Amino acid sequence: MFQFGFNTGVINAPESVILKFIDDCYKARYGDYIEHDLQNFLFAIAVSIFAIGGMVGGFAGGFVGNKVGR
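When we follow this note's numbering, the leftmost residue of the sequence shown carries the number 119, and every step to the right adds one.
Each statement offered as a hint is correct.
Derived lysine to any residue pairs resembling SDA-like cross-links, with alpha carbons at most 20 Å apart:
| hint | residue 1 | residue 2 |
| --- | --- | --- |
| 1 | Lys138 | Leu156 |
| 2 | Lys145 | Leu160 |
| 3 | Lys145 | Val135 |
| 4 | Lys145 | Glu133 |
| 5 | Lys138 | Ala164 |
| 6 | Lys145 | Phe161 |
| 7 | Lys138 | Ile167 |
| 8 | Lys185 | Gly175 |
| 9 | Lys138 | Tyr148 |
| 10 | Lys145 | Phe159 |
| 11 | Lys138 | Ile152 |
Derived by calculation from the structure, the hints in this document are not laboratory data. Given the structure is predicted, the values throughout are model-derived calculations rather than measurements.
Whole structure, please, built from the sequences with the hints as guidance.
Here you go:
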């Protein structure tokens with residue numbers, strides 16, 4: 119349950135920096151400004167990947183700890 123609240127706090131704080139990064143990368147690659155809807159979609163994908171990675175890491179952490187740990 120910790121992951122859900124942590125995810126919201128950690129990703130929403132640097133939202134403007136991440137959105138600027140997406141905008142800068144798109145402009146450097148395509149030479150045009152990104153549409154607002156596409157920028158929001160890419161940000162939503164990044165946030166969901168962060169949450170899924172936390173879930174996978176939570177499931178795998180015990181197994182890896184048992185195999186690699188003492």
